[in-house]
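K.L.:
Please model the entire structure based on the sequences and the hints provided.
Chains as they are written, first to last, in full-length UniProt numbering: chain C, 1 to 301; chain X, 1 to 288.
Derived by calculation from the structure, the hints in this document are not laboratory data.
Computed from a predicted structure; not experimentally measured.
Hints are not guaranteed to be accurate.
[To be verified] Computed beta-carbon distance windows for the label pairs:
(1) C:K238 to X:G79: 22 to 28 angstroms
(2) X:F117 to C:A27: 57 to 63 angstroms
(3) X:D186 to C:S193: 54 to 60 angstroms
(4) C:K290 to X:V94: 41 to 47 angstroms
(5) X:F191 to C:S198: 58 to 64 angstroms
(6) C:F217 to X:R192: 46 to 52 angstroms
Just so it is clear, CB atoms sit at the ideal spot from N, CA and C, and this is done for glycine as well.
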Amino acid sequence: MAIRNESLKTNLTGYAFISPFIIGFLAFTLIPMFISLYLSFTSYNLFTSPRWIGLGNFEKMFTNDPKYWNSVRVTIYYVFVGVPLRLAFALFVAMVLNTASRMVGTYRTIYYLPSIIGGSVAVSIMWRNIFSEQGIVNHFLMAFGAAPVNWFGNATAALGMLITLSVWQFGSSMLIFLAGLKNISPEMYEAASVDGASPVRKFMNITLPLLSPVILFNLIMQTISAFMTFVPAYVISKGEGGPLDGTMLYSLYLFRQAFMFNNMGYAAAMAWVMLIFIGILTFVLFKTSKMWVFYESEGGR
Amino acid sequence: MSSTRAQKGWFWRKIKWPIYHIFVGLLAILMMYPIAWMLLSSFKESRTIFATANTLLPAQWMWDNYITGWKGVGGYSFGHYMWNSLVIVAISTVGVVISSAVIAFGFARLNFKGRNFWFAIMMVTLMLPHDVVLVPQYIIFTKLGWLNSIAPIVVPQFFGAPFFIFLMVQFIRTIPKDLDEAATIDGCGKFRLFIQIILPLIKSSLATAAIFSFYWRWEDLLGPVLYLNSPDKYTVSMGLKMFLDSESSSNWGAMFAMSIVSLLPVVAIFFAFQRHIVEGISSSGIKG
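P.N.:
In structure tokens:
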């Protein structure tokens, strides 16, 4: 009896400590998810009660809303071009900085600073202006003899501008790579040097495999957050997703459907499609990672 | 033959570092150029900003931009928006750091039934895109009558944030368990153990969480856009957005000046707590 009371007390203490999480999870995540699932099968404008329309929202989305497909296309382009570029750049800089030099700390700070201010409206405003018709980017292009680009009149160019912004903020991935690189023992490289391995071979046979868990982590976190990108597209296009819907990222289109057109049901359906898509993508990444992620502690794959 | 190779090695060693620093330094300049451009544009006369976009230094230093910018838009001064942001940030940060620490202690040090289950749930919510709860949360907060108040932004912070909980759990796990046992033998309860022993030892992870909470709330735009609809409650982000919307007046100088002002707290904290921030990122993968 005493023992039972003891374990009951232990359990109660445990739950008391994590209770804020459980309450928050139920109130702000689980219940909203069920509401969202329900709303995705309804037509709801916030003012009249939701009307059940079955698969109507999904039908419209997939067959009758070119703007939706455009936002999917823009987002996929943004994620599948932006994230690899950003990670490649981050890894490259991390490798360059993974050396003994007194200046490394300063460089690391400079490369990381854009990421820390990256989410702010100020940076989006700045980006809008350096890419404007008479902005510095066009000045540079002309200085090198290239034609200036009308970044705000061309859907592809506008998306390119957003991707550049995301690549510029490679700092946090770089720091994670740097931490990973520091964990690789220098003896590995020394041994390879003795065997006469070229830098490329060292990179392919030592750096990449030993860094693969960190690459997987970065890849998954960056992909998810890239899918969620909202602020730069919203600020740079002044909420319109223009020009020609070129910066109409999925989150922005969802936001517009929900809060500008009051199509709450449609937005909920969009959110669920996104959730399922990200879920599948993450699952595939984890599954295929068995083929390329190398865990040292497991002595191989 | 061997002497030429030695000479080549000598030459390479001599120029290796200069080349390295030129390369890395140029890249650093490229990274900082947009920020420097914004900073110096904030001192230029509005109508010359684009005409002189390719030069960094203003022909004439216009401190007035900061004065006109500070007067703000929408009938409120920029100081008003700064104060609103500060209130939101302060309440949110206190809430999220305390609650996350309590939850983290529970996960890291208490053995209870279902612990692994809830920990797994927490790790899943860590990766859950928030778009999926955006609409229902908005509806719930509207029904609660919380619209046009800071409650929808600050209240959820009091229930812990998965990122910070995970970060603190990792920290607590590095503290030897003997400490707990010794304290327990001395008759120390779990709550006292948490407050008096664990909490002082995880100070640096508390600081990391506080810094990132500050950044995210300060830079947050979606929360204010959704929930605050009268200009007297607007935050810094909203104030800047209003500048952009009213750009027909094309007071670029003032807009850049206030952009710089809005970044000052962020940059100041960054330089003050650089080590914590960098460690926080490297060990937990919190995004910047």
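K.L.:
Holds or violated: the 54 to 60 angstroms window for the beta-carbon distance between X:D186 and C:S193?
P.N.:
55 angstroms, holds
K.L.:
Given the hint of 41 to 47 angstroms, is the C-beta distance from C:K290 to X:V94 inside that range or not?
P.N.:
43 angstroms, holds
K.L.:
That 22 to 28 angstroms hint for C:K238 and X:G79 (C-beta), does it hold up?
P.N.:
25 angstroms, holds
K.L.:
Does the Cβ pair X:F117, C:A27 satisfy 57 to 63 angstroms?
P.N.:
Taking Cβ atoms as reference, X:F117 and C:A27 lie about 19 angstroms apart, which means the hint is violated.
K.L.:
Indicate whether the distance between the beta carbons of X:F191 and C:S198 respects the range 58 to 64 angstroms.
P.N.:
Holds, at about 60 angstroms.
K.L.:
Is the distance from the Cβ of C:F217 to the Cβ of X:R192 consistent with 46 to 52 angstroms?
P.N.:
Given a distance of about 36 angstroms, which is not inside 46 to 52 angstroms, the answer is violated.
The structure shown violates the earlier hints numbered 2, 6.
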